[in-house]
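Using the sequences plus the hints, can you model the full thing?
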Amino acid sequence: MTAADIPVDAQQINERERRMRARNRALLAVLLGLVALFYVMAIVRMSGG
Amino acid sequence: MLSQLPTAAAAPYAGAAVGDYVQILKPRVMSLVVFTGFVGLVLAPGHLHPVLAAIAVLCIAVGAGASGAINMWYDRDIDAVMRRTADRPLPAGRMLPGEALGFGVVLSVGSVAVMGLAVNWGAAALLALTIGFYVFVYTMWLKRRTPQNIVIGGAAGALPPMVGWAAVTGDIGWGALALFAIIFFWTPPHFWALSLYRAGEYQAAGIPMLPVVAGARETKRQMLLYTVMLWPATFAPWLLGFAGPLYGACAGVLSLIFTACAVRVWHDTDDAGERSARQMFHFSLLYLFLIFAVLLAEHIAGGGG
Numbered sequence: 001m002t003a004a005d006i007p008v009d010a011q012q013i014n015e016r017e018r019r020m021r022a023r024n025r026a027l028l029a030v031l032l033g034l035v036a037l038f039y040v041m042a043i044v045r046m047s048g049g
Numbered sequence: 001m002l003s004q005l006p007t008a009a010a011a012p013y014a015g016a017a018v019g020d021y022v023q024i025l026k027p028r029v030m031s032l033v034v035f036t037g038f039v040g041l042v043l044a045p046g047h048l049h050p051v052l053a054a055i056a057v058l059c060i061a062v063g064a065g066a067s068g069a070i071n072m073w074y075d076r077d078i079d080a081v082m083r084r085t086a087d088r089p090l091p092a093g094r095m096l097p098g099e100a101l102g103f104g105v106v107l108s109v110g111s112v113a114v115m116g117l118a119v120n121w122g123a124a125a126l127l128a129l130t131i132g133f134y135v136f137v138y139t140m141w142l143k144r145r146t147p148q149n150i151v152i153g154g155a156a157g158a159l160p161p162m163v164g165w166a167a168v169t170g171d172i173g174w175g176a177l178a179l180f181a182i183i184f185f186w187t188p189p190h191f192w193a194l195s196l197y198r199a200g201e202y203q204a205a206g207i208p209m210l211p212v213v214a215g216a217r218e219t220k221r222q223m224l225l226y227t228v229m230l231w232p233a234t235f236a237p238w239l240l241g242f243a244g245p246l247y248g249a250c251a252g253v254l255s256l257i258f259t260a261c262a263v264r265v266w267h268d269t270d271d272a273g274e275r276s277a278r279q280m281f282h283f284s285l286l287y288l289f290l291i292f293a294v295l296l297a298e299h300i301a302g303g304g305g
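These protein sequence lines map, in sequence, to chains E and P.
Per this note's numbering, residue 1 is the first one in the first sequence, and the count goes up by one each step.
Per this note's numbering, residue 1 is the first one in the second sequence, and the count goes up by one each step.
A hint or two may mislead.
[Claimed, not checked] Facing chain P, a subset of chain E residues (Cβ under 8 Å, in silico):
#: 1; residue: Arg23
#: 2; residue: Leu37
#: 3; residue: Val40
#: 4; residue: Val44
I should point out that these hints are in silico values taken from the structure, not numbers from a laboratory.
No residue lacks a Cβ here, since even glycine has one placed at the ideal position from N, Cα and C.
Here it is as structure tokens:
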């Protein structure tokens, strides 16, 4: 089955889900980054930096 | 909610892509802001832990991006009219206005809070002032009302080196003010060069840029005037003693070329001075980058880094 065989509605749902997954992954990366940032920040501040 | 749906979207709204979120942060503007903020941080007297310095630069970048996002939210109507901005996520219908506003507000608050917690509250207050000035004073108040919009509003773009400086010292010194002055006096000729060859688009969008309100001749005159006023500001770091003779020489050469660009625009018989204005706009970007790069390089080479 090629992309041309998929009905338009299904393609739109696929696109929506693809974007949602990408946003979720980006949000996860941002949250993990924030956790790391606050961890490093706390360590540096506690060591008198 | 339905009234928020983008009008340009023919297909059902699929949600903004990650790239759209990056685009509304105005990454190209952000890069220059980050660079000038970083130079302010390096030149400031004193010491800041490298990790905290990196966090300070990150906060400056995120704060600049956040104000860009709120600017795009507010200006989505005029962005749709101008060719240069019509493909931005909001006017193109790839993102909902509320998403852009929420994103911008969260990043603004986050960047200021992290700057305060990690570095110091003086720098955080200056960062908040920068974001607030760009959003409320420039975007919402001045941009659509006066041809002096980018003169006064230019202060927002000039503040990042002061934020970087304050991250180290906790306050504002003469050096920080000198860096502020360079960007402040550089902004009008930089933006008016762009608005000279984009005057038609600004007129269609109803933005009272100087070429639209006062004409090309007056704009060229003011560009030359501000380019001359930029000279003392550019030499200030050398005169104040936190830059050396190499910087003085480079500043002289670059200022001469920048002034020559303004004179060429002035003499251009074409009313909009399209070719010369375009060249001046592109050189202005190189000018600011090189001025700050030489300051940075000389400081590091002199053992200050």
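Hint check results:
no.: 1; hint: Arg23; result: 6 Å, holds
no.: 2; hint: Leu37; result: 7 Å, holds
no.: 3; hint: Val40; result: 6 Å, holds
no.: 4; hint: Val44; result: 5 Å, holds
Comparing the model with each numbered hint stated earlier shows that all of them hold.
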